[in-house]
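Undergrad: The sequence shown begins at 3 in my numbering and counts up by one.
Hints should not be assumed to be uniformly reliable.
What the hints assert, rightly or not - Pairwise CB distance ranges, derived in the manner of DEER restraints:
no., residue 1, residue 2, range
1, A370, T263, 29 to 35 Å
2, T263, D136, 39 to 45 Å
3, P63, A268, 33 to 39 Å
Unchecked claim - For lysine to aspartate or glutamate, the following DMTMM-like pairs were computed, each having C-alpha atoms within a straight-line distance of at most 25 Å:
no., residue 1, residue 2
4, K397, E368
5, K185, E222
6, K337, D214
7, K337, D303
8, K337, E297
9, K255, E222
10, K185, E139
11, K255, D303
12, K255, D94
13, K337, D318
Quick caveat, the hints were computed from the structure, so don't treat them as lab data.
Please read all numbers here as calculations on a predicted model, not as lab measurements.
Ideal Cβ placement from N, Cα and C applies to all residues, glycine included.
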Amino acid sequence: MRKGLGAFVLALVAGAACSSPAPEDRPSAGSNARVAQDLANIVATCAEASDTVQVRRRGQPHWERVTVGMTFRERDWVRTGPGSFARIRILDRGFVELRENTTILVDTAITVEGEPIVGEALAGAPPMTIRAADGTEATITAQAWGSSARFRVTPSSDKGIEIAVTGGQATVTTAGTERVLGKGQATDISTNRAGDVVTLLAYPRSLSPGVDARFQFAAERPTTLTWATVPEAARYLVQVSRDTDFRSLVVNKDVTRPTATFVAPADGTYAWRVAARDASGRLGEFGFARRIFFEVEVPRDLLIAPRNDARYGFGDSPPRIVFSWQSAGDATRYKLVVHRASDPNGNPVAEISTDQQQLEVATLGEGAYLWGVYAVRRGSEQPVFIEPRVVTIRKQRVKANTDELWK
Numbered sequence: 003m004r005k006g007l008g009a010f011v012l013a014l015v016a017g018a019a020c021s022s023p024a025p026e027d028r029p030s031a032g033s034n035a036r037v038a039q040d041l042a043n044i045v046a047t048c049a050e051a052s053d054t055v056q057v058r059r060r061g062q063p064h065w066e067r068v069t070v071g072m073t074f075r076e077r078d079w080v081r082t083g084p085g086s087f088a089r090i091r092i093l094d095r096g097f098v099e100l101r102e103n104t105t106i107l108v109d110t111a112i113t114v115e116g117e118p119i120v121g122e123a124l125a126g127a128p129p130m131t132i133r134a135a136d137g138t139e140a141t142i143t144a145q146a147w148g149s150s151a152r153f154r155v156t157p158s159s160d161k162g163i164e165i166a167v168t169g170g171q172a173t174v175t176t177a178g179t180e181r182v183l184g185k186g187q188a189t190d191i192s193t194n195r196a197g198d199v200v201t202l203l204a205y206p207r208s209l210s211p212g213v214d215a216r217f218q219f220a221a222e223r224p225t226t227l228t229w230a231t232v233p234e235a236a237r238y239l240v241q242v243s244r245d246t247d248f249r250s251l252v253v254n255k256d257v258t259r260p261t262a263t264f265v266a267p268a269d270g271t272y273a274w275r276v277a278a279r280d281a282s283g284r285l286g287e288f289g290f291a292r293r294i295f296f297e298v299e300v301p302r303d304l305l306i307a308p309r310n311d312a313r314y315g316f317g318d319s320p321p322r323i324v325f326s327w328q329s330a331g332d333a334t335r336y337k338l339v340v341h342r343a344s345d346p347n348g349n350p351v352a353e354i355s356t357d358q359q360q361l362e363v364a365t366l367g368e369g370a371y372l373w374g375v376y377a378v379r380r381g382s383e384q385p386v387f388i389e390p391r392v393v394t395i396r397k398q399r400v401k402a403n404t405d406e407l408w409k
């Protein structure tokens, strides 16, 4: 029944009350008690479900399809099939995410078997409880203020379980210890204790293909991915997915060198990311995801101006730069995006939508920038460039935009 599936057990206790009906419609005391018990047994609901997500109710032999909003009670099994995803809301506590081929059992704690799972503990909410294979239990509590805490739970044959915080801050408590973990920190749980706090390996910096790279799709043609090495990394986990949330994985493998290849099974948009593992197998943080677009036609660069590596000097106020591009077929709207060259994965310094094919920007201060344009069609964005272009701005004593100032 569970062969080949990662499984974990999850449960919380929630209470509910029933309002009293009018005297003439009042049900029997036994009926009230059954309703109250049924409500009290609801401990989770389905917040998201895609493709094959199923539930097997307690005491039932068959599986049924899960839909958004469906409730789960103690001892219900929930599973996902290949290429499927489910996000389960644990009442009053947080969320857990089921990637493909994962099974969970709603019970009094989370027990992880097989693949790691990720979750989210809500700020100020009651703690979420997990259980190691040796029976050790630990609670995960997000800070009472600010953002929630995202965590990863990984089983281990020799360390019980690892709890790593991938976002926010959380307190991990066992019967004998308490550890406060920030983003990028982890602790191992076993024998009723939490181990020392360790820092995860830094994420590898993606090198190629570049940001939002575009290729013509060709069956069986491999694409090479490369990234910078990470000190102390023994190997790397590479993931390629059909979505930027990495719910529908095409590649999920470990490699020993900072490069890997994959073959896109069809045209469309893909995303890739990499994380480093140390010699003990502990997984570090994933780097920023990069998208790759595989197109049926030969990709064309539709950017017109400024040319790549254009340079502008200015005196009293930033220069007025006109960004322009050619029409992208049936697109009726475009989005100009400008990033600092030193932080291409950070928040853009300019992000402007328009129905025209040019925009004038006069707000870019001194520095180097990367820019590109996206065609917006039916809610999706497609780059109209092969690679982002570089534009550099420098404050000068003389107002000009000539290359003579750069010699």
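Undergrad: Please go over all the hints and tell whether each is borne out by the structure.
TA: Each hint tested on the structure:
1. A370 to T263: 29 to 35 Å: Holds, at about 31 Å.
2. T263 to D136: 39 to 45 Å: 40 Å, holds
3. P63 to A268: 33 to 39 Å: At roughly 38 Å between Cβ atoms, A268 and P63 fall inside 33 to 39 Å, so the hint holds.
4. K397 to E368: 6 Å, holds
5. K185 to E222: It is violated: about 39 Å lies between the C-alpha atoms, which goes past 25 Å.
6. K337 to D214: 14 Å, holds
7. K337 to D303: 15 Å, holds
8. K337 to E297: Measuring from Cα to Cα gives roughly 20 Å; hence the hint holds.
9. K255 to E222: Holds. K255 to E222 sits at ~19 Å (cutoff 25 Å).
10. K185 to E139: 22 Å, holds
11. K255 to D303: Violated - the C-alpha atoms of D303 and K255 are around 33 Å apart, more than 25 Å.
12. K255 to D94: 35 Å, violated
13. K337 to D318: 29 Å, violated
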